[in-house]
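Line by line, the protein sequences are chains G and F. Residues 1 to 432, numbered by the working numbering, are exactly what the first sequence covers, in order. Residues 433 to 864, numbered by the working numbering, are exactly what the second sequence covers, in order.
This list has only true hints and no planted wrong ones.
Straight-line alpha carbon distances no greater than 30 Å define the calculated BS3-like cross-link-like pairs of lysine-lysine that follow:
| id | chain 1 | residue 1 | chain 2 | residue 2 |
| --- | --- | --- | --- | --- |
| 1 | F | Lys672 | G | Lys116 |
| 2 | F | Lys589 | F | Lys601 |
| 3 | G | Lys116 | F | Lys654 |
| 4 | G | Lys179 | G | Lys169 |
| 5 | F | Lys632 | G | Lys116 |
| 6 | G | Lys375 | G | Lys363 |
| 7 | G | Lys179 | G | Lys30 |
| 8 | G | Lys2 | F | Lys434 |
| 9 | G | Lys157 | G | Lys169 |
| 10 | F | Lys795 | G | Lys97 |
| 11 | F | Lys599 | F | Lys434 |
| 12 | G | Lys157 | F | Lys654 |
Selected chain F positions facing chain G (in silico; Cβ < 8 Å):
| id | residue |
| --- | --- |
| 13 | Asn442 |
| 14 | Ser446 |
| 15 | Val450 |
| 16 | Ala716 |
| 17 | Thr720 |
| 18 | His730 |
| 19 | Phe733 |
| 20 | Met744 |
| 21 | Val773 |
| 22 | Thr774 |
| 23 | Pro788 |
| 24 | Arg821 |
| 25 | Gln825 |
No wet-lab data here; the hints were simulated from the structure. The structure displayed is predicted, hence computed values, not measured ones. The C-beta atom is built at its ideal place from N, Cα and C for all residues, glycine as well.
There are 2 protein chains.
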Amino acid sequence: MKISLLLTGNELMSGDTVDSNSAYIAQSLKDLGITPYVKKVVGDDLPLLVQSIQELSRISDVLVINGGLGPTVDDLTALALSEAVGSPLQRHSDALKHLEQWAEARDFVLTESNLKQTDLPKNCEIIENPRGSAVGFSCEHDQCLILCSPGVPSEFKLMVEQQILPKIKTYGNINTATKITRLRLFGVTESGLQDIVNQKFPDWPAEVNLGFRVQMPVIEVKFTTIGEAHNELNHVWANKFQSLFNSYVIGKDDTRLSQALNTALADKSMTVTTAESCTGGAIAAGITSEAGSSAVFHGGFVVYSNEMKQAMLGVSPQSLETYGAVSEAVVMEMAQGAINVTGSDIAIAISGVAGPTGGSPEKPVGTVWMAWGSKQNVKARRFFLPMSRLIFQRTATAIAMDLLRREVLGLDTDVDYFSELKKKQVLKSEAF
Amino acid sequence: MKISLLLTGNELMSGDTVDSNSAYIAQSLKDLGITPYVKKVVGDDLPLLVQSIQELSRISDVLVINGGLGPTVDDLTALALSEAVGSPLQRHSDALKHLEQWAEARDFVLTESNLKQTDLPKNCEIIENPRGSAVGFSCEHDQCLILCSPGVPSEFKLMVEQQILPKIKTYGNINTATKITRLRLFGVTESGLQDIVNQKFPDWPAEVNLGFRVQMPVIEVKFTTIGEAHNELNHVWANKFQSLFNSYVIGKDDTRLSQALNTALADKSMTVTTAESCTGGAIAAGITSEAGSSAVFHGGFVVYSNEMKQAMLGVSPQSLETYGAVSEAVVMEMAQGAINVTGSDIAIAISGVAGPTGGSPEKPVGTVWMAWGSKQNVKARRFFLPMSRLIFQRTATAIAMDLLRREVLGLDTDVDYFSELKKKQVLKSEAF
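So that you can see chain G by itself, here it is in the shape it has in the complex:
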């Protein structure tokens, strides 16, 4: 089955936007055993779009068009499809209903530009878009199923899963039962994982396709088998992998680090508090990004200056003076202070040099101290994350959440993270 992709948008041609949608749908098609045939990208150019739709629908069984569904004059997909297949545009009642509901839910007044999104080629079927204002639409032409979808990645991805893949399966009469197991790991690198797998599983079966995908800060590992006969094999090898990497596995499917932490806390009926300097509130924001976090988190502190570390958390001026703000003593006192004020069961405290300035020979940019634990048992550890400010903050936030997850679950917290990752240490640190 030949599936081609046509992406449209000046921003894709100018290099201002990096296209992630085509990689996403390609990965999803892989589960059906299909690799896209041709991918073509063109700007907002009507004759070129019309010609490309005609060319690709002639050589493909399915054509997925992405982008150009918006309300502005440079959004040309509906018009181009209308010309390519010879079906005039007309206002589509289902599309209009969708747009009106979308607007009403947002207290949004529709304009003429918006209404243009509901003018679609006659005889098109609409493809529901649960997230955005623009519906997708599909038709058949030249024995090719043409599916038009919005360029906004969050909208596109949901529509691929819920609508586009099922339509392709039905159209192509595809019934290869694919089994996919997905695990998410934190704290190991992609190449580290591959090396360990090669070394520990020289007999990895060809039927179980092993794929890695970095989804910062976690890595997704996907085990894919095609055909029901291989379901058991999928199960067995995914389990072997999970046992090997043990505490690095934060969960299945789309588990987020913040979600794994919230679940662990809720399961143990524990509460957590945060005392953040260099991450500036990002750990608290991560925890509270999860629904239901009010059960495990009551309050936290962003203590950026030395004065606020004293005023808000009772850190001693002596410790700040003697050891500096980025020190074991200060993060220990920050953690204790946060527990004292909030009465939470455990705390995490963090203080580091996020950069780009503020480093010194003893404490270069990237140095960070974290303290975590309960009132009776606060531990501290130094990390070195010499990265850009943004990546430093994201990585430190993720490590902090993982330390808390491990603490709550009673897992080893003396593990290697990224910069300190030595292959041998990883191999040692788990009981293989």
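Following the hints, put chain F in place on chain G, whose structure we already have.
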């Protein structure tokens, strides 16, 4: 001048590799005033490659082919070009010399696979590759200059700068200069912008290309003119646009909302503090994501429970009891409390129903109160953002930063944001 790109490689089709080469050359071509015409990506498929070379060379002045120059059997570019232009492969002496020198410098013994890289279509010119073993090559066909280049990004980038761009310039006799102005706006929608531009500027000149790009939470507006003769036109119309949208413009180029806020605070030597419930620390994290934020931010509070609102900020139990946590009275007291503890010049306080549960008929999910201002002058306002939890938190965080930016700069804070956007109100809210 029409320049098309043809990328080849199974790894590009499967989505395992994200193509960065085409964005790189597109950005380089921008300086010549050129946006690529068509980009096509195909796997290692000989008939498809031959057909694509023929098609693209027919409709383009220049065709850049990328990938497929390696030593393995799936590297098909030279063979495909040979068939497409009807010029047989033969061992190319310059290519052989390059390969031998490359191998010698690396103490590397050449194999038959390597030598295959020196079999090129007759009459091709080679394009030097200072980094890798595979030379590029070029020929003319159908009045189109065809340039073949390796897929390895580091090799490709160097060759674009040193060889490919100069060849394109010479071939096209190009000496134009492009002028691009970029502005970033917050608080208006893409469709709203387009409608207002259509209405207010019916005489918008065709020479000034106007492009919109949503980069949540901001919108980038790009004004592009080609040729030095139009530089002034670019300047004049970008200014007209900026005057029209006035306070919605947060800055030029890549300005972030957090950056605009930090800059405004630093310019006025002011400090800010945060008292966050439903955003859980995201406003503080946004402010402190900027380098140098310690000058304008000393500390902030995440007060998720009613108890913490009282303990950390001194919110009165009576207000919480009478009006509830999501209320004007409580956010006003939160803002005052944060200023009292930190001594900051201004504060923002926020409390809302992020969902997915916790709503009521009077305060449905999406309801949010914000209070902001100085100790003597705290104002409050209710917003309604009925979105997913994640988007609610991101949007509320962005609005909070924008309210602070407007407060510091003395701009109107009674503006429309997204869900409350009514076309007429936007038109009224600025002095056109």
